[in-house]
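Participant: Put chain A on the given structure of chain V with help from the hints.
For reference, the chains in residue letters:
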Amino acid sequence: MLRAKHRTGLVFFPAFDWAISPTHPERQERLLYTQDQIFEEGLFDIEGITEFKPDLVTLKDIQRVHFCVPDVWTVTTESHFISAGGAKTIGMAVLDQRIDRGFALVRPPGHHAMRVVHGSRGFCNINIEAVMIEYLRQAYGIDKVAIVDTDCHHGDGTQDIYWHDPDTLFISIHQDGRTLYPGSGFPNELGGVNAIGKTINIPLPPHTSEEGFLYAIQNIVLPILDDFKPDIIINSAGQDNHYTDPLTNMNFSAQGYAKLTALLQPDIAVLEGGYAIEGALPYVNVGIVLALAGVDFSRVKEPDYDPERIRQSAAVSRTIAKIGEDVLELWEQRDEIHSQIPDRTGIHERQRRIFYDTDRIFESQIEWIKACPDCAGALRIDSNSDRGLHILAVHIPRKACRACKDLGYQWYASAKPKRFDMIFMQDRTEDKFLKRPPP
Amino acid sequence: MIIGLDVGGTHTDVVLLGEGGLLKAAKVPTDDSDLFRTVLRGLTEISEGIAPPSIQRIVLSTTLTTNAIVQNKIPPVGMIVSAGPGIDPEYFRTNASYYAVSGAIDHRGREIEPLNPGEITRIARQFQREGIRHVGVVSKFSIRNATHELQMCEILRASFDKVFMGHRISGNLNFARRIATTFLNTAVYPIHKAFYRAMQKSLSTKGLMLPIRILKADGGNMKFEASMDFPGQTILSGPAASVLGAMAFCAEKADTLVMDIGGTTTDMAVLIHRDPVLNPLGIELGGYKTLIRSLETLSIGLGGDSAVKLVNGELQVGPERSGPAMAYGGPQPTPTDALRVLGDLKTGDHAKAVRGLKPLAQALGLPVTAVAAQILAISSQTILSAAQQLIDRINGKPVYTVHELKEGYVVRPKTILVLGGPAPYFARHLAQLSNYKVIVVPRWQVANAIGAALARTTCEVTFLADTERRVAVAPEESFSRRIPADFDAAAAEQTALELLREKAIARGANPEHMETEVLESMQFNMVRGFSTIGKNFRVKVQLKPGLIQGYNKVIAQLAQGAEAHEQGAGR
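Residue numbers (our numbering), protein chains in the order written: chain V, 1 to 439; chain A, 1001 to 1571.
The shape of chain V in the complex, shown without the other chains (with noise of 0.2 Å):
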């Protein structure tokens, strides 16, 4: 009989009746075929592996993450509190120790969300793995995270929310955004001020295959998660790195993918992006899964898997030699590089334009972030999109200093309400969310 060596927690939440649009790739049926082989397959009555029940998240799980324009209703559907909710399910149960591993095989995605939510950007509209990890952080008082986001696009959302966050690593190893939308994360970009080398970035170059990938998993990600030593690991699982897959250029397998997952050993997958949804997907899943578990997984192939078609050149190894050298230089180097900034207490600000292709949406931000030797900063935005939303957000970190915290709230009292819709604020010293005017 089959028996996981690892206890292995699913949430299978497929939201069959939920998409973007009729002919979006994010539809209906995009796990179908994926629930089709993974009945088929009886991955449930493998002994260790438990089905579990999606909970939905709540309002306040969503604001502890997110400021939401104009407000959280308008921006999500249910499918977004179910889909976060099988994060925060899996989560729990693995903090309950019910289960040693977990993986959120839901949709809609989320690591395109940033902080501040206009509308829907790379069919993302929340953060799924963000308002996991949030809760956890309050429920459990959890401190160092680690994502590691293997989605083939770079994980622009995630990036974003951790910028500044010295306690959560952000990995993202993605096809080069010079080739791919969202066009960004490369190696130097670094995270904010207060998190230096905290962000990191791999890009790889087109038709990168299993030997690619496997050798950046060993080779740079899993030394810098020795060094960084989180209480957990998160792992962003996309799975649109596939050679199949219709909207990349990579070619990655179902066999890569157990691969990595067995080499990465995450305590919680989150499935993002994938849309190969017929002759891929069902045998990544299922791969994942039967790592996750510590299953044999190595009969588990797509039909028309041939190695050799796939197999990356010797330039595209060649290219991802050289960026890890990169990125482990720059990782070793953090400290220096933050040394190296002229001005280590004062204000910093960055300003952004940010599109949401999948709702059209163009948005101005204004960023001023409290460089902070004692805490990860209080951090202030100021936000207006093309639709005609003006809004001040002010966030005070999980573990703010007395100052940062002071500042944030001289910010937030200070706005004037005239020149904005609306004011929020995160202080997350005190898990609260605050409104000017008050609802």
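Please note that the accuracy of each hint is not assured.
Calculated lysine-lysine pairs in the BS3-like style (CA-CA distance at most 25 Å, straight line) [said to hold, decoys possible]:
1. Lys1162(A) with Lys60(V)
2. Lys53(V) with Lys1289(A)
3. Lys5(V) with Lys1289(A)
4. Lys53(V) with Lys1397(A)
5. Lys1162(A) with Lys53(V)
6. Lys1206(A) with Lys1162(A)
7. Lys1253(A) with Lys1024(A)
If you want a taste of the chain A side facing chain V, the calculated C-beta under 8 Å gives, among others [as the list claims (entries may be wrong)]:
8. Phe1036
9. Asp1106
10. Arg1108
11. Tyr1400
By construction, these hints were calculated from the structure, which means they are not laboratory data. Quick caveat, the model's predicted, so the values are computed rather than measured. Glycine included, every Cβ here is placed at the ideal spot set by N, Cα and C.
Facilitator: Just chain A now, with coordinates in the frame of chain V:
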């Protein structure tokens, strides 16, 4: 008139029902080593003095196949499976003569790798050398495309008595369970066939020429002839008989817990508005996880005759049964003895019951009556926690749509219906320890046999249509048809219901009274790139388990006096 018979672990109950009500009931001891004689004796006793032509229906619920599987008394069979990519089929091995062969079908029913006929022929010769007469063949995703199973069957048919094919057994996905279920069907087939052939023969010598009907685990019956292709569906029919026996007394607009408290076990199930909750996938028995549809039941090793002993200074009831209660000459104290000591039960030897509880009382430093009360409290508490477990399991069942998750029905029974030998005595204790209203089912001693007698025929059809491949299939029915590109959801449901009616009549259903139900109807666009290339329809329909038409009077008659047993709500 109808005869219903239910073989239990301790007793076999049998009833004769007429349109006016319960005409006769009998109880004979179950002899596990000779079920044939047990059943025949029950049928003989009940039909004595009745003119054979006036008996229209005989429904049997037996433990024949269940025992064969649990005690592993099954003849050698051959199994051939073809898996393709995925989990190594070696992990699903069911028996020694089990072979994994080449050939693969994918999730949409497309052939990935052809079957190798030479390989099958070689294995067939090996089976013949081993003296194997019955073979099961299973391929992964055969319910999407049965070609490989059909090919294997074609090669084997001439050389073996019977070949079972996985796709005929259930329309549900789950390769490992399909293998186990096909194996069980193949394995119990000769036992099942011999038993009922002989039974039919014995009955016909008594002038009872009518076809026997056999109860299934989902609470429906099927004709003996139909059961030849699905003998495995007869396992664990006992709990279903009990649920049907209680069904008529359930509230129409509320949820009910049904508990059959027997000598050895207590079986429980839940009804939502009189519809029993079904197990979504299939029953588990003797370490086999199957695709055999059944009621969602929970069984615990606690009944009136469960052995009571002290473990680390604490009273423990069950799960073993060492024999009857001491009040009836048994070897170990039991809850029945506790009932006798307290005077709840008026029959049985009071002195022996007291003698049985005395050592426990001495060890605990309590009066005998206090120990008796404790035994009943512990037993009732154990039963109630098991019931909660069952309710949690039903409510915790995952769903896959936003709608179901939002609108999901939460089961919250407020009433317990109890049946089985000690039912009325336990009822009071269950009510005292909980907030349930506890009602004793009328004729609680034989309600299970009444349930078997009144069971309808049930069956299920799974129907799939793929307008891109232009094909519709109902795997269990061997149905496959070309469909036009504009085939729609209504056509899918209609075709599925037609297939269901056809199947139901063959299984023995009454064509005048068929309560069909669409369990599931899903429609998906199949998109390549950004355009729709076809639609995928998935429909599941069933004949609901329930009671047959025309016997309302029986129920009305039985219900009279039901209130006399009713216990008030708890504290």
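Participant: Each hint needs a verdict: does it hold in this structure or not?
Facilitator: Taking the hints in turn, this is what the structure says about them:
Our distance criterion of 25 Å between C-alpha atoms is broken by Lys1162(A) and Lys60(V), whose separation comes to about 62 Å. For a cut-off of 25 Å, the pair hint linking Lys53(V) to Lys1289(A) stands: about 21 Å separates their Cα positions. Restraint check: the Cα-Cα separation between Lys5(V) and Lys1289(A) comes to about 20 Å, which is no more than 25 Å; the hinted pair holds. For a cut-off of 25 Å, the pair hint linking Lys53(V) to Lys1397(A) stands: about 7 Å separates their Cα positions.
The suggested pairing of Lys1162(A) with Lys53(V) is violated, with an alpha-carbon distance near 42 Å, which exceeds 25 Å. For the given pair, Lys1206(A) sits about 31 Å from Lys1162(A) by alpha-carbon distance, which is inconsistent with the 25 Å threshold. Straight-line distance between C-alpha atoms of Lys1253(A) and Lys1024(A) comes to about 32 Å, which puts the hinted pair past the 25 Å bound. The criterion of a C-beta within 8 Å of any C-beta in chain V is not met by Phe1036(A), whose closest approach is roughly 34 Å, and the hint is violated.
Given the 8 Å rule on beta carbons, the hint for Asp1106(A) holds: about 6 Å separates it from the nearest Cβ of chain V. The restraint placing Arg1108(A) at the interface with chain V holds, with a minimum CB-CB distance near 7 Å, inside the 8 Å limit. The interface hint given for Tyr1400(A) is met, as the beta carbon of that residue sits about 5 Å from the closest beta carbon of chain V, less than 8 Å.
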